[in-house]
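Asks: Here's the letter readout for the chains.
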Amino acid sequence: MVGRAGEPVGLGPDRRAAARGRRGDRLFHGAAATAGVLVVLIVVLITVFLVVHAVPALLHDQANFLTSRSWDVSVPMSFGILQLLWTTVATSVLALAIALPFSVGIALFLTHYAPPWLSRPAAVLIDLLAAVPSIVYGLWGAYIVAPKFAPIQDGIQHLLGWIPLFGGVSAISGGTTMLLVGIVLAIMVLPIMTAINREVLAKAPAAQQEAALAIGATKWEMVRTAVLPYGRAGIISGAMLGLGRALGETIAVMFILSALPQGSAWTWSLFNGGETFASKIASDAAELTPGLGTGAYIAAGLVLFLLTFVVNAVARLIIDGKKDFSE
Amino acid sequence: MIINKPARIAGVAVIAATALAGCGSASNTGSGSSSGAIAGSGSSQASNATAQASGSADCFTGSLRAAGSTAQQNAITQAISAYQAKCPGAKISYNGTGSGAGITSFTSKQIDFAGSDSALSPDKGEPAKAKQACTSDAWDLPMVTGPIAVVYNLKGVGKLTLTPKLIAKIFSGKITAWNDPAIAAANKGAKLPSTKISVFFRSDSSGTTDNFTNYMHTTDGADWPAAHGKSWTGKVGQGKAKSAGVSAAVKSTDGAIGYDEWSYAVQNTLQMAQIDSGSGPVALSAESAAEGVSSAKVVGTGKDLSLKIDYATKSPGAYPLILVTYEIVCSKYAQPKTGQDVRSFLSYMASPEFQATLPKIGSAPLPAGIQSKVATTIKAVS
Amino acid sequence: MSTLLRAAPAPRTTALAPGRSRGRTLRSSAATALIWLAFAIALVPLVWIMWTVLSRGLPSMLHLTWWNKDQSGVGPAGFDHQVRGARHAIVGTLLMAALTSLIAVPIAILTAIYLVEYGRGRIARIVSFMVDILSGVPSIVAALFIYAVWVTTFKLTLVPACASLALVLLMIPVVTRSAEEMLRLVPNELREAAYALGVPKWKTILRVVLPSCMSGIVTGGLLGFARVAGETAPLLLVASYTQFLNQNMFSGSMAALPTLINTNVQFMSSDPISADRVWGAACTLIVLVLAINLAGRLLGHLTRVKS
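Protein chains in written order, with my numbering: chain A, 3 to 329; chain B, 13 to 394; chain C, 29 to 335.
Note that these hints are calculated values from the structure, not bench results. Where is the CB? At the ideal position from N, CA and C, for every residue including glycine. Accuracy of the hints is not assured; some may be wrong.
Said to hold, decoys possible - Simulated pairs of lysine-lysine, DSSO-like, Cα-Cα distance not exceeding 27 Å:
#: 1; chain 1: C; residue 1: 229; chain 2: B; residue 2: 121
#: 2; chain 1: B; residue 1: 349; chain 2: C; residue 2: 183
#: 3; chain 1: B; residue 1: 98; chain 2: B; residue 2: 385
#: 4; chain 1: B; residue 1: 141; chain 2: C; residue 2: 183
#: 5; chain 1: B; residue 1: 98; chain 2: C; residue 2: 97
Said to hold, decoys possible - Reference listing, derived: stretches of chain A covered by chain B, where coverage requires no fewer than 3 residues with Cβ under 8 Å from a Cβ of chain B:
#: 6; stretch: 141–155
#: 7; stretch: 171–180
#: 8; stretch: 256–262
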């Protein structure tokens, strides 16, 4: 591997090699840094683009942008994001809450529990699911799952209706609710989160695991002490990737979720319909023409963007905090 | 599904024909045998003749890009495939991206012509933008008219008549049960159940919603006071994505009502309400739609041929709920070849020979008088 | 929790000396059962959707015309019963995804290298944070951005390559993140050993660090590829569908499998041919990704053997 060791040792060539190494280092460092800066630049440009288009619309907004639930972008515009924000956050958090334990569980299964004959094909199957286009998840959710899921949802409403999150909503029929969207989103983000967790957990050092087992730890104790702590940062990172995808998912949400009419009653229930930021933008993308009205949608896009920003900042703090602790 | 004989005949013919076409073997061209059954309309001879080249179209070789309204997707796809059968070298792409997106693409020179549910709107400064993009005037050419069906799903009710007032009241949530006396009064003899009315609307913005709300606003401003718009502004109902979403929801929900382009309603074998504008119930059929379009007036001036449909028409046998789609073109293209190509294709689309085939794909032809005006205008495109 | 569980990562031997208590064994078995259960439960929807797509999509794919014909000359759905194929969309998807990967993967891996190997302090933190932000950009916003830059700002005509540009924005964070995780997991001893032998840093990275985590990076790249190949929303805005085969990334319109699906989806409830196209295209996407996945794994395997 390290061929350099075999080279004749002499001052001249060595110095030349060192110089070459330095130049190579500079170039390589430069290339890597450029790529990093490029990413920063892209994000800054996107932000600028969003802000530039959103501000004029926001200035013309007759309603309170943060607390209004109406969405009327014909002049005079009055639009607010409350309903969109709630639908987006509720479905995505639900998706993450379902997908996170499952993705860790499956990743552990694939890396530490499954017999080899099963883990390979299962891993490939799950990777493949990342390739299923979101529109297909949408079709599957809306036309195949929703009708079957409707009676189950009725049952939950019946049993747990006293909890505001599960309160009865009569306006939405056929199971096309936020709850179903959350579940489908969880299934959609599961492959990508599982894939990352799997890689991370598989890379846990074998020596410590063997040590743990050697001193008589049970398998679960070994996993808890020598595998999971090692993967924590990666798991959180994967979860953020999954959450980001859930927050921004467009087509599947658009197909499954029933939209609400203007001025419908507010409810905390997950059995309500609604639209997320992304599905709202996509629903009306066909009629986005340059002008103020489009600015309103871009403002919604900006909020989604900021939302991810905050979520990621929090995640980063958690990861960094954990690092400090473990070091 | 219970079907009451006399008044449903036209609808049944359409449905049967589609069922034949849709469920039958994937035989081939599809423009042959079924068309006769569909149009008990008298346009059958003409439509049978279409597929054969009449030699009148001057062909071009090359490609054209167009985009816009989904309402004319079927019609223009048919035009493209029929035109291509004559002129194998012509590659025309049409994307159903929505009217607004089509116009935006047109004004930013992304496409050669746009399809739109409404003429260029001076309020939005669209003609000026289009003129800037074309460096010549842009023209609105009415090309296809598509009836909008009021579709419903109600167990045991195979025939339903609605008046404009009932439509506005149902879709605005003022009538909430199917056995409401007002509905009963329009449907004497029908046994209406007490099922709750579930209204379904399009959650994506669309020209169909625009035309449908315009219809309600025009015919019954008291019950539908909101101005028309591409996004649903009603206070009740559930929104579903695209025509497909509305169709599927209506089909699977007892007590449902919604609105869809005719072709979707036919394809999904949904029940369509008859509309009684004052001179008796009219079922949606090729003839009643054509009768409805015949009330259209050209309101554009000069070469601009924007149409206005008379939604409140009392003409007997006229189905009033109609949508017109336009092709928006430059009067003079920067590249003469593009102008020629557009002229050649649109001439074919406006020709009586092609227009006569429209009823079998869920659209209606332009009235003959307007057809000839459109044809004359297209000749002036360069 | 027993004291043992708290004592990471080197368990105290004393606690273990007497052998496993029943409670601990029981807890471990319970965990095993739970993990099997998690897998089994998750398998239900995954297998269900896979079955749905494969059982409905495979029949279309088995026709030769699916692979060697486009949709030219096909009339309106439900009225014209010509079937023809998806060659235009398959070629389009492959071209778009290839160009996307060509741009995104180098940027992503270099960024990951920067973050792990070079980046220190504030700038690295900013870059890392920006990658997170980019991963949260909704696909539709990415497309709006490209549209605004390409059309509104530069007044250019959209070409199929624009779709790739929009997809690049979506692919970079996925690949960067997973490459970064993989690079971080490479033990520092490896790097130190290389440095000790006088190997320059860049060579260490290229010859020692990268190969040792190649399989993970390849997985990340494949995930990224899978992510963008099935992406629909941005294509709707920047890549118009066409019925015709187009192999030029820089002119005209180009079809892709997701836009083929989107075009046919509205007719699928009533027209079996459209439905076949939808499921066939979805199935084709999966098969394409499977093929590329296997190729990638093989590549990862070969590189590992070399090192």
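Asks: So, for every hint listed, does it hold in this structure?
Replies: Hint check:
1. Restraint check for residue 229 of chain C and residue 121 of chain B: the C-alpha separation of about 51 Å exceeds 27 Å, so the hint is violated.
2. Under the criterion of a C-alpha separation no larger than 27 Å, the hint pairing residue 349 of chain B with residue 183 of chain C is consistent with the structure, at around 22 Å.
3. For the given pair, residue 98 of chain B sits about 24 Å from residue 385 of chain B by alpha-carbon distance, which is consistent with the 27 Å threshold.
4. Distance restraint check for residue 141 of chain B and residue 183 of chain C: the Cα-Cα separation of roughly 14 Å lies within the 27 Å cut-off, and the hinted pair is therefore satisfied.
5. With a CA separation close to 19 Å, the supplied pair residue 98 of chain B and residue 97 of chain C stays within the 27 Å bound.
6. Coverage of a stretch by a chain is defined here by at least three residues with a beta carbon nearer than 8 Å to that chain's beta carbons; for the stretch 141–155 of chain A and chain B the count is 3, and the condition holds.
7. Residues of the stretch 171–180 of chain A with a Cβ under 8 Å from some Cβ of chain B number 5, which satisfies the need for three, so the listed coverage holds.
8. Check on the stretch 256–262 of chain A: 5 of its residues sit with their Cβ under 8 Å from a Cβ of chain B, so the three-residue criterion for coverage holds.
Consistency with the previously given hints fails for number 1 only.
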